[in-house]
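If you read the sequences in order, they're chains A and B.
The working numbering numbers the first residue of the first sequence as 434 and each following residue consecutively.
The working numbering numbers the first residue of the second sequence as 45 and each following residue consecutively.
Simulated from the structure, these hints should not be mistaken for laboratory data.
As the structure is a computational prediction, the values presented were derived from the model and not from experiment.
One should not assume that every hint holds.
[As the list claims (entries may be wrong)] No farther apart than 30 Å at their CA atoms in a straight line, the calculated lysine-lysine pairs in the DSBU-like style are these:
#1 A/489 - A/718
#2 B/340 - A/900
#3 A/641 - A/477
#4 A/485 - B/366
#5 A/489 - B/366
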Amino acid sequence: MDVLDIARWQFGIITVYHFLFVPLTIGLTAVIAGLETAWVRTGKEDYLRLTKFFGKLFLINFAIGVVTGIVQEFQFGMNWSDYSRFVGDIFGAPLAVEGLLAFFLESTFLGLWIFGWDKLPRGLHAATMWLVHLGTLASSWFILAANSWMQHPVGYRYNPDTGRAELTDFWAVMFNRVQLVTFPHVVMAAYMTAGAFLLGVSAYLYMKKKHEADRPLYHRAIRIGAAVTLLAGLGVAITGDLQGKVMTEVQPMKMAAAEGLYETSSSCAPFSVFTVGTPDGKEEKFAVTVPCLLSFLGTGSVDGEVQGINPLREQYVAQYGDDPTTKAFTDGDYTPVIPVTYWSFRFMMGLGFFGAGGAALILWLTRRGRTPGVRWLGTLGLSLPIAITLASSWGWIFTEMGRQPWVVFGLMTTESGVSPGVSTFEAATSLIVLTLLYAVLAVIEVKLLVTYVKKGAEPFEEPPLVKVGGSDDDRPLTFAY
Amino acid sequence: MELTTVWFALIAVLWVGYFCLEGFDFGVGMLLPVLARDDTERRVMINTVGPVWDGNEVWVLVAGGATFAAFPEWYATLFSGFYLPLLLILVALIVRGLAFEYRHKRPDATWQGRWDLALIIGSVVPSLLWGVAFANIVAGVPIGADKEFTGSLLTLLNPFGLLGGLVTLSLFATHGAMFVALKTDGEIRHRARDLAVRIGVVAAVLAVVFLLWTQLRTGTALTAVVFAAAAAALVAGLVSARAGREGWAFIGTFVTIALAVVGLFLALFPDVMPSTTDTAFSLTTTNAAATAYTLKVMTWVAVVFTPIVLGYQAWTYWVFRKRIAVHHIPTPELADAR
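Model the full assembly from the supplied sequences, consistent with the hints where possible.
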């Protein structure tokens with residue numbers, strides 16, 4: 434393995450890992466803020482108990498999301514210094530703005546929320562969590578704008594004097610057409626994850642004899658969670674469909690790679706649900722296909738033309754492969770790794786549909802206050818947030834692997850972005866240290882989550898009524914580390 | 045003033061914010077085994093920074109992002125060049141951040157002891173290494189014609205760099221002790237004040253040597269004034285601490301750190317990363333900068349949002365203004381769960 438391979442593995446491992454925590458964080462801030470607001474407005478004890486219980490689980494999850502996020506920002510410079518030099522003028526701005534607008538908002542108001550139960554009036558306390566949620570949305574917006582630019586560069590010019598890409602239109606980057614469909618897709622997936630988490634944990638506790646007295650509480654939470662999962666799941670499907678259309682236009686190779694479609698299909702391209710083929714994916718031995726579905730996914734019409742991998746590769750070789758001095762040149766292939774794109778696309782969709790289907794089933798089972806007598810309710814419930822989180826992972830693996838060999842589509846290959854001055858030893862140390870550390874943290878995190886889930890929601894305890902800054906009496910803090 | 049100069053100044057401001065704020069978080073973390081006598085006192089210390097440490101840490105993320113956006117070449121050379129120290133800092137910041145959040149999650153002493161260790165190491169390592177990194181940036185490092193760093197880890201571990209590390213380490217320890225004295229009540233408050241003065245004297249000696257050395261290397265008349273003011277602020281802070289004026293004492297170390305950082309940036313200007321290979325290869329505010337358009341967009345964002353951020357961060361400190369004492373610490377969670 435050379436530095437390029439190591440850097441790519443590191444990026445893949447730590448980014449996928451980081452994003453295991455991100456959707457739940459984004460979604461749960463909204464769910465918790467909603468529950469707390471419901472408590473403030475109705476005074477129903479259940480809502481506060483759920484707020485506090487899921488707040489605790491949220492913090493266990495959030496902590497890892499935050500600390501692994503720092504690595505994200507640093508590794509562009511550490512492992513991808515030529516990429517950073519080439520695109521910094523455009524790519525750096527959303528990152529900086531993300532820090533200033535989003536990270537400060539999230540971290541400051543989360544501190545107020547965690548420690549503020551005896552320092553802030555109730556309405557204001559709930560508002561701090563809404564502000565945290567606003568911060569997560571702002572963060573998503575800017576980082577996805579940066580990523581969308583890598584998929585579909587706009588608002589820039591290439592300056593041959595400096596050999597860099599330069600920003601010419603900030604708003605074009607902020608409202609990139611890829612961004613406009615990616616942002617809602619990612620945010621909807623986050624709500625779906627959080628809804629399923631609320632549903633799954635509650636379904637698990639609902640089935641436990643130890644928590645029998647709290648069955649009405651968890652029944653309520655199951656219903657809320659299932660409704661959020663289904664509604665958001667619908668949003669994911671709609672925005673995913675829109676994404677497919679935009680992708681077919683701006684990155685036709687990625688759509689072809691999603692299906693493993695080698696030759697252009699002028700109309701009614703089929704979509705295979707499942708294929709057994711040769712290891713290189715070029716020959717199919719057995720497949721279950723839906724006629725015309727690929728044309729519909731890519732173009733919105735069953736008659737639409739979908740370009741194939743082979744003609745696109747020839748086109749890219751002619752377009753970019755003639756001048757080895759440019760950053761768009763590769764002597765390799767202008768095709769992504771087809772088995773990876775093919776299967777990641779299917780895993781994403783399959784796991785997503787499983788999540789939505791499970792939520793629909795549980796919503797039906799619990800209709801009109803019914804108490805489902807099925808023993809597998811808890812297991813199915815807990816599998817839903819896991820499935821949906823993995824669907825997000827596969828979605829990103831598809832998006833990023835489907836863009837290869839580019840790091841910035843049509844402009845810069847991944848191989849030309851790697852740091853030239855970093856040694857194999859340095860890169861390998863970083864990969865090994867971070868991977869091992871992350872593995873240990875995963876074990877600790879899961880164990881803590883299990884402990885706290887099993888404990889269930891605390892009994893209701895009325896928070897003190899205070900003005901800003903807390904009361905004057907000398908009582909112990911409501912919450913302390 | 046040119047926008048490149050404005051952004052050089054803004055990045056200096058971000059580092060000032062980071063070191064002045066996270067500096068005391070680090071100090072509190074590293075003094076955990078020294079100042080606290082038992083678990084409740086350790087929790088008193090941790091809770092003085094509990095609500096604010098994460099917001100304080102964001103300053104470094106914004107500093108990094110702003111460097112990426114405003115000076116991409118600086119960001120690329122610095123981060124790929126100072127690879128292993130930055131990796132160590134990252135690992136330290138990861139375990140330290142989790143220590144805050146996870147330490148109290150289990151009642152058993154082994155678990156808490158491990159997270160205490162994570163918090164201590166996670167505070168000492170970045171405190172030392174940020175100083176090493178900054179000293180090396182100011183002194184210059186080998187950079188080739190292609191703007192790439194050509195040294196190794198050992199290049200950075202020179203006497204000047206190591207002295208810089210000791211200065212930040214001892215200054216943050218002093219700053220942290222001042223913060224504990226300001227934010228706690230009871231015995232620990234007095235212990236913190238005494239300790240602040242004792243470490244502060246060491247920090248003062250190290251800082252004066254380091255700043256003098258910097259002054260002799262790359263100083264100007266202006267940096268001399270700023271460095272002298274930094275030293276004076278430190279002395280004033282220590283005198284205030286001895287007199288029991290904790291607010292003024294904390295302001296003293298705060299201003300010391302701020303002025304020291306400002307002075308280092310002034311000593312650096314107009315370079316951002318001088319090359320010791322050939323001054324022609326030095327990265328400067330001009331040759332490392334983004335385009336005027338990017339800087340203009342970023343300036344607007346900074347002008348509008350920085351005051352808002354400062355406003356709500358200040359408000360947070362006001363909300364959590366009360367001193368914490370041993371009797372404020374509630375029973376640990378899960379203590380009844382087994």
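Do the alpha carbons of residue 340 of chain B and residue 900 of chain A lie within 30 Å of each other, as the hint requires? The hint is violated at about 42 Å.
Run the distance test for residue 485 of chain A versus residue 366 of chain B: straight-line Cα separation, threshold 30 Å. Holds - the C-alpha atoms of residue 366 of chain B and residue 485 of chain A are around 24 Å apart, at most 30 Å.
Is it true that the CA of residue 641 of chain A sits at most 30 Å from the CA of residue 477 of chain A? holds (23 Å)
Can you confirm whether the C-alpha distance between residue 489 of chain A and residue 366 of chain B stays at or below 30 Å? Between residue 489 of chain A and residue 366 of chain B the Cα gap is close to 24 Å, so the pair holds against 30 Å.
Please work out if residue 489 of chain A and residue 718 of chain A have their alpha carbons no farther apart than 30 Å. violated (50 Å)
Hint violations for this structure: numbers 1, 2, all remaining hints satisfied.
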